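J.: Residue-level listing of the chains:
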Amino acid sequence: MTTENDNIEKGFESGNENTPPPVVPESANTGMNSPVEDFSAVTDNNPDTVNQATAKTQNQTIGGATKSSPAKQMLMRLPNAKAILTLGILSIVSLSCCGPFFGPILAIIALALVPAAKRAYRENPDMYAGSSMGNVNAGRICAIIGLSVGGLLLIIFIINMITGNDGMQFSNVEEMYEEIWNATDY
Amino acid sequence: MLEMLRHNLIPCPFKAVTGCDCPGCGMQRSIVELLDGNFLQSLHYYPALLPLILLFVILVFHLRFQFRYGTLILKILFIFNTGLISLNFILKLLNIHWL
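Line by line, the protein sequences are chains A and B. So the first sequence is residues -14 to 171, counted in our numbering. So the second sequence is residues 553 to 651, counted in our numbering.
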């Protein structure tokens, strides 16, 4: 019981009213017989904030447990926001440096990380920074573009490998164009 | 050092199979020329290299310092880069040498 009380005291010393309260993990709550009495035993002065804190701790299960000091960092960043943006941009960069093999994979990883971040933002949007959500959206757009371009090239590559043409059909475009141009007698 | 790089470039599997340049072919030559200081030759080999470097620099600074319009700039620059790479790819397929 002493560790949880210490956490709660730190939270109330450092945090303002706007900052999200520290989260007691659910595994700790299950051991208690009467958690409300413990909270009231810590702070008898303001029972209203204690009730708000208990109400919020039941809702917050995903985010806040990772950061122990909410006063230093007012708004948290979304999980994997930077990773989504970086992977989305790397998808097109890797397409331009080592062929259309790694780009679609990176784009798919980025797109797979997007729904978790969006869900976390939708559940409690006050806790996360808005710029972080912008990062997620930008990364999503970049990943979609990279996936479409890289997938198209990969399809061309696979078709060409299966049909086994030694030399792409596209390389004959110029000759065909010249033939058509000469046929017009211009 | 540059001569050693110039003679030990990584071959392209796309080009080995299909026989034509992939959208990234020319980038290593372009990097070598850029390290050598020939900007025009670098642009001739791969026009999208300098915008890609700019995109990376802006990405790193944006992730570190969270600019206000950073995501908008990144999106616009990304679409510009994609367009440039695709245009370069199509023009190389058609054997049109621009720049």
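If you are wondering where the hints come from, they were derived from the structure by calculation, not from laboratory data. These figures come from a predicted structure and were not determined experimentally. Any given hint could turn out to be false.
[Unchecked claim] In the SDA-like style, the derived pairs of lysine to any residue whose C-alpha atoms are separated by at most 20 angstroms in a straight line are:
| hint | chain 1 | residue 1 | chain 2 | residue 2 |
| --- | --- | --- | --- | --- |
| 1 | B | Lys567 | A | Asn122 |
| 2 | B | Lys567 | A | Phe86 |
| 3 | A | Lys67 | B | Asn560 |
| 4 | B | Lys627 | A | Ile126 |
| 5 | B | Lys644 | B | Pro603 |
| 6 | B | Lys567 | B | Gln580 |
| 7 | A | Lys67 | B | Ile605 |
| 8 | B | Lys644 | B | Leu557 |
| 9 | B | Lys567 | B | Arg620 |
| 10 | B | Lys567 | A | Ile140 |
| 11 | B | Lys567 | B | Leu639 |
| 12 | B | Lys567 | A | Ile141 |
| 13 | A | Lys103 | A | Asn145 |
| 14 | B | Lys644 | A | Phe142 |
| 15 | B | Lys567 | A | Phe142 |
| 16 | A | Lys103 | A | Phe87 |
| 17 | B | Lys567 | A | Thr148 |
| 18 | A | Lys67 | B | Ile631 |
| 19 | B | Lys567 | A | Lys67 |
| 20 | B | Lys567 | A | Asn145 |
| 21 | A | Lys67 | B | Pro563 |
| 22 | B | Lys567 | B | Ile642 |
| 23 | A | Lys103 | B | Gln580 |
| 24 | B | Lys644 | A | Tyr162 |
| 25 | A | Lys103 | A | Gly115 |
| 26 | B | Lys644 | A | Leu137 |
| 27 | A | Lys103 | B | Leu615 |
| 28 | B | Lys627 | A | Ser133 |
| 29 | A | Lys103 | A | Leu137 |
| 30 | A | Lys103 | A | Ile143 |
| 31 | A | Lys67 | B | Arg620 |
| 32 | B | Lys644 | B | Pro563 |
| 33 | B | Lys567 | B | Lys644 |
| 34 | A | Lys67 | B | Val612 |
| 35 | B | Lys644 | B | Glu555 |
| 36 | B | Lys644 | B | Leu602 |
| 37 | B | Lys567 | A | Ile126 |
| 38 | B | Lys627 | A | Asn122 |
| 39 | A | Lys67 | B | Leu629 |
| 40 | A | Lys67 | B | Gln580 |
J.: Out of the numbered hints, which ones does the structure contradict?
T.: 1, 3, 8, 9, 13, 16, 19, 21, 23, 29, 30, 35, 37 and 40
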